[in-house]
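There are 2 protein chains.
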Amino acid sequence: MPYYADDSTLEVTPGNVIAWNQEETVRTLPHPDAQEIALDQVLSALADPIRRRIVTQLAGGHDDQACIAFDLPVTKSTSTHHFRVLREAGVITQRYRGTAILNCLRDEDLDARFPGLLGAVLAAETEPSGAPAGDS
Amino acid sequence: MPYYADDSTLEVTPGNVIAWNQEETVRTLPHPDAQEIALDQVLSALADPIRRRIVTQLAGGHDDQACIAFDLPVTKSTSTHHFRVLREAGVITQRYRGTAILNCLRDEDLDARFPGLLGAVLAAETEPSGAPAGDS
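Top to bottom, those sequences are chains D and V. Number 136 marks the last residue of the first sequence (the working numbering); no jumps. Number 136 marks the last residue of the second sequence (the working numbering); no jumps.
Just chain D, same shape as in the assembly:
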């Protein structure tokens, strides 16, 4: 499976020289449509603590955070794997800016498809209740 579809465009420059249009080069990564986001994959993706850490950072910060902005206790290739799992599950979008990959949380898509799920996972991640249950 290709890591990205290289549908970069070629452009004829004023000097009639074929060159890469660096600004408009479109290197896209595959994402599921919002309606195709599957519960199995989302729950699997969120079952990993490193991936929840990524999601929590995206939820708490600004959009378009580059992969290198995440301080994760794993190798670069493992980190790349985790981002890919999140993207393929429909939890995040990833897009290129130059050589960097920018990440966004698909919170609206997830909330539309599985209302309350992402919020419950984020809440559980950030404030796990240690209170004994069942004594009410």
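Just so you know, the hints here were simulated from the structure itself, not pulled from any lab data. These figures come from a predicted structure and were not determined experimentally. The beta carbon of each residue, even a glycine, is placed where N, CA and C say it ideally should be.
Simulated restraints, written as ranges between beta carbons of each label pair:
(1) R97(V) x D71(D): 50 to 56 Å
(2) T56(D) x A59(V): 25 to 31 Å
(3) H81(V) x T28(D): 36 to 42 Å
(4) R27(D) x H62(V): 51 to 57 Å
(5) A38(V) x D40(D): 18 to 24 Å
(6) T75(D) x E108(V): 39 to 45 Å
Got chain D; can you put chain V on it based on the hints?
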């Protein structure tokens, strides 16, 4: 790993004969305490469609449903595996009644530990929204 801890009790009968006390035999299966229920394991357990089917049936029906009451499209050993994963994750309790194993959803424990999570998963399972997202 033993499937159950056999801490059955022996009893001295009036006739001074050692016998199994069939009524009071306690065959217990290991369960995590409510405070030990881990998000990784819960999400992993719920990421499987067969296990969500079990959870959905338990949520919609009465407590103490025997394993054989579940019509699952898998072999008995696979079914046993799925129930065990749910129990070890803290999603259900299992206890023996005679040779049957009765199952209960730990909804109170889960809700105390991860508020809203089980409800969101059950809602997603029973009424997945197919509406396009992000057009609000």
